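Asker: With this note's numbering as the guide, the letters of the sequence shown map in order to residues 4 to 98.
Since the hints were derived computationally from the structure, they do not count as laboratory data. These numbers come from a predicted model, not from an experiment. Beta carbons: idealized from backbone N, C-alpha and C, even for Gly. Certain hints may be false.
[Claimed, not checked] Pair ranges (Cβ atoms, derived):
(1) Tyr-52 with Gln-20: 16 to 24 Å
(2) Tyr-9 with Glu-31: 27 to 35 Å
(3) Gly-28 with His-8: 15 to 23 Å
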Amino acid sequence: MKWEHYVADMLIERLRQHHVQLLTGEQETICFFVDPTSPSTRRWTVSDYDKGVVDGAIRELQHLIHSSPLLKRAIFDRLSMLGGATGAHRRRLPG
4 MKWEHYVADM LIERLRQHHV QLLTGEQETI CFFVDPTSPS TRRWTVSDYD KGVVDGAIRE
64 LQHLIHSSPL LKRAIFDRLS MLGGATGAHR RRLPG
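Could you build the full structure based on these sequences and the hints that come with them?
Answerer: This is the structure in structure tokens:
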């Protein structure tokens, strides 16, 4: 297994911990979806600061994936092996 697959697995797992679903699309695109409940009602965050930290972490991971074609390809390959999806929520992240 190549290093990018290890990193892809870590990124997928970390996004799962933040309740993000990854879906594969046409032309090797990856779609990111987050918990559909509003940030103020998420049970796994308690303060505005915590909500900001979680939302910021999700955006940084998303940016990291999109900025590296090698990682993006490795994640796409991993998701394809898993049947195209991880997680269970469906609201699209901007960007």
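Asker: So, for every hint listed, does it hold in this structure?
Answerer: So, going through the hints one by one against the coordinates:
no., hint, verdict
1, Tyr-52 with Gln-20: 16 to 24 Å, "holds (18 Å)"
2, Tyr-9 with Glu-31: 27 to 35 Å, "violated (20 Å)"
3, Gly-28 with His-8: 15 to 23 Å, "holds (20 Å)"
Comparing the model with each numbered hint stated earlier shows that hint 2 is the single one that does not hold.
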